[in-house]
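Taking the hints into account, I'd like the entire structure generated from these sequences.
For reference, the chains in residue letters:
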Amino acid sequence: MTAPTDVGTGPVEPGPGQTLDLPVRTADGRKRTSNEQAERSIVSTADWHRPTVRWGLTGTQWLLLLLLLIIGLGPILWLAKASITSTQDTLRYPLQLFPNGVKWSNITAAWTRIHIGLYLKNTVILAAGSWAAQLFVATTAGYALSVLRPRYAAFLTGLVVSTLLVPAVVLLVPLYLTIVKPPLLGHSLINSYWAVWLPAAANAFNVILVKRFFDSLPREIFEAAKVDGAGPFRLFWSIVLPMSRPILGVVSVFAVITAWKDFLWPLLVLPDPNKQPVSVRLPNIALVTDLGTLLAAMFISTIVPLLLFLAFQRFFLRGAGLGGALKG
Amino acid sequence: MSTVAPSSSPDERVSLAQPRASAKAAGLEPASRAARRRTPASWVRGGGLSSLVFLLPMLLVFGLFSWFPIVRAVVMSFQDTNLATAPTWVGLDNYVTVLQDPLLWICVKNTLYFALLAFLFGYPVPLVLAVLMTEVKRMRGLFTVLAYIPVVIPPVVAVLLWKTFYDAGPTGAFNTILGWVGLGPYPWIQDVHWAMPSLVLEATWAAAGGTVIIYVAALTSVPAELYDAAEVDGASIWRKVWHVTMPQLRGVLLVTLLLQLIGTAQVFLEPFLFTGGGPLDSTRTIMLLIYKYAFGSSIGGAYGKATALSVMFALALGILSAIYFRVTRAWSQS
Chain A
1 MTAPTDVGTG PVEPGPGQTL DLPVRTADGR KRTSNEQAER SIVSTADWHR
51 PTVRWGLTGT QWLLLLLLLI IGLGPILWLA KASITSTQDT LRYPLQLFPN
101 GVKWSNITAA WTRIHIGLYL KNTVILAAGS WAAQLFVATT AGYALSVLRP
151 RYAAFLTGLV VSTLLVPAVV LLVPLYLTIV KPPLLGHSLI NSYWAVWLPA
201 AANAFNVILV KRFFDSLPRE IFEAAKVDGA GPFRLFWSIV LPMSRPILGV
251 VSVFAVITAW KDFLWPLLVL PDPNKQPVSV RLPNIALVTD LGTLLAAMFI
301 STIVPLLLFL AFQRFFLRGA GLGGALKG
Chain B
1001 MSTVAPSSSP DERVSLAQPR ASAKAAGLEP ASRAARRRTP ASWVRGGGLS
1051 SLVFLLPMLL VFGLFSWFPI VRAVVMSFQD TNLATAPTWV GLDNYVTVLQ
1101 DPLLWICVKN TLYFALLAFL FGYPVPLVLA VLMTEVKRMR GLFTVLAYIP
1151 VVIPPVVAVL LWKTFYDAGP TGAFNTILGW VGLGPYPWIQ DVHWAMPSLV
1201 LEATWAAAGG TVIIYVAALT SVPAELYDAA EVDGASIWRK VWHVTMPQLR
1251 GVLLVTLLLQ LIGTAQVFLE PFLFTGGGPL DSTRTIMLLI YKYAFGSSIG
1301 GAYGKATALS VMFALALGIL SAIYFRVTRA WSQS
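Sequence lines, in order, name chains A and B. Residue numbering for the first sequence follows the numbering used here, starting at 1 and increasing by one per position. Residue numbering for the second sequence follows the numbering used here, starting at 1001 and increasing by one per position.
Derived from the structure by calculation, the hints contain no laboratory data. All residues carry an ideal CB built from backbone N, CA and C; glycine is no exception. Be aware that a few hints might be false.
Said to hold, decoys possible - Residues of chain B clear of chain A, computed beta-carbon distances all greater than 10 angstroms:
no., residue
1, Ser1042
2, Trp1105
3, Pro1247
4, Arg1326
5, Arg1329
To be verified - In silico lysine-lysine, BS3-like type, Cα no more than 25 angstroms apart, as pairs:
no., chain 1, residue 1, chain 2, residue 2
6, A, Lys261, A, Lys226
7, B, Lys1292, B, Lys1163
8, B, Lys1240, A, Lys261
9, B, Lys1137, B, Lys1240
10, A, Lys103, B, Lys1163
11, B, Lys1137, A, Lys261
What follows is the structure in structure tokens.
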């Protein structure tokens, strides 16, 4: 009798709870691990009890909140407003709220005339493929370099790290020519999504991040699994991957967001407009359409990454912090 | 469960991974220890093959799309390459023509100017934001999320949005706001002098959130005892900031400065989409020149010139980093 209720409430509770409580819980959780004793910052409790400090700091914090609301949320809210405002109103009264009424037709025009849906679909395909390719390469490589550790692992890790030192600009032209005439394949990869997916997978940052995480897993578990007869593939699939959800989450959100943001590379290797993602199409759309429709198209293409961020903040912010730690 | 038969022999491990290989290995006679080290079969049995299988995706992808193009960049910079005929060696010709291009020095100057402005606008802002944010007791999550939102907006959307804000007419969004306090209208991206600062302003807005998160993480890991000790010695808030927080953050601050310099030096999207390098080449950066050499003409790219400039640019950044580390190491030792 108790089992059904457990199953019933079990999956429901963490769902909404996670998305709502995450920022607070993450901030606390991370701090508690970094220093065990009572968490504190520059201003002490004694300082805080002095009226000047208290009022000054409280005032500063409200100002900070206001500033962050304006610079963080302001542009997005303006874009949302402008996407349902007529071009004339946006141009003439950019800071007024619907002086001549709401114009929903911008949104429909973005779907029917601009075909923003097609480009969103292309973006999703690009992001999904890049995600799969990056995760596949980073986990297999991280596993081999960290857990299996062949004798040449250190040398290979060095080779991977060394690519982090080469500025991306060096790769641009030779990589483009490699896509035009790939060495092993017979035909050009121009206008193929593989031209975006495969170079995205050659991401040294991912490999190092995953390898470091695998390094931190307790090796006793691997030994125990080996004694129980688990081979390298089973160890990878049933032990290492399930233990690595946090880092896989970080790599995943970065893979998707980077693919969503990418502009120059898809512009070069996907010249066919019907295959291009939104980021590549938008500057062209800007040239041929009215401002109202363009802003609606821009807002539509921002919703997905914004919602992804709000839903998975934990991974985003942890990843940003990790990036700092790795760079440092 | 049936696949994981309890077994202590090393052969069994491989059999799960590579049934065919292990069958081959099992067919062989058990060799002595010395011989086992050498033969391919023992290499397979020791896990060598499965390591290689796991490394294969990385080796292929990095080989084709990272290591090979890096080497190829250097080779191509000494060649005349087009897509129709085989490349020919031209020695240092590409380097000489690039260095003699009068546009190069304009681009170098613009790139340095962009990096300098980005440093002045963008370097102190995240630090101040992060220090203030770590003092927030409640709802710090909200502050962090707000600061990070610009980072997740697609850069192309951000640039096109700011292009609308930068409307030079008196009814442009920014000009309207500044008009409330009696300023403007300003020409923003349409003027030779205003264009670059306008680009930097947008770039700073777009990038600051990421650095804020790094600083917040660094600030929360400053040991509490240091602040406690400073208070025992009677330190004020400002002295704590100056004598405890800043020295503790020095390492992170030095690294983010170098990364910011390297990142801003390679700026492409902002000048490309805001101004296309104009007005009058006032925002044409080195990246835009590389793009122009390689992809800017319809008759075929000057790939040799583009890679020659890329290689010189990368070397310049590498030398900058080396000098930077040398100098800052001396600082952190003293």
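Whether Trp1105 of chain B stays farther than 10 angstroms from all C-beta atoms of chain A, as the label says:
Nearest chain A Cβ is 18 angstroms from Trp1105 of chain B, so the label holds.
Just to be careful, I want the Cα atoms of Lys1292 of chain B and Lys1163 of chain B compared with a cutoff of 25 angstroms; is the pair within it?
22 angstroms, holds
Given the hinted pair Lys103 of chain A and Lys1163 of chain B, is their Cα-Cα distance within 25 angstroms?
22 angstroms, holds
Checking one constraint from the list: CA of Lys1137 of chain B to CA of Lys1240 of chain B, max 25 angstroms. Satisfied?
19 angstroms, holds
Do the alpha carbons of Lys1240 of chain B and Lys261 of chain A lie within 25 angstroms of each other, as the hint requires?
40 angstroms, violated
A cut-off of 10 angstroms on Cβ-Cβ distance, and Ser1042 of chain B was said to be off the interface with chain A. Does that hold?
14 angstroms, holds
Does Arg1326 of chain B really sit off the interface, with its C-beta more than 10 angstroms from all C-beta atoms of chain A?
16 angstroms, holds
Going straight from one Cα to the other, do Lys261 of chain A and Lys226 of chain A come out at no more than 25 angstroms?
42 angstroms, violated
Nearest-CB test (10 angstroms) between chain A and Arg1329 of chain B
15 angstroms, holds
Within 25 angstroms, alpha carbon to alpha carbon, are Lys1137 of chain B and Lys261 of chain A?
At roughly 33 angstroms apart (the allowed maximum being 25 angstroms), Lys261 of chain A and Lys1137 of chain B break the hint.
Non-interface claim for Pro1247 of chain B: all C-beta distances to chain A beyond 10 angstroms?
13 angstroms, holds
Of the numbered hints given earlier, the model fails hints 6, 8 and 11; all others are met.
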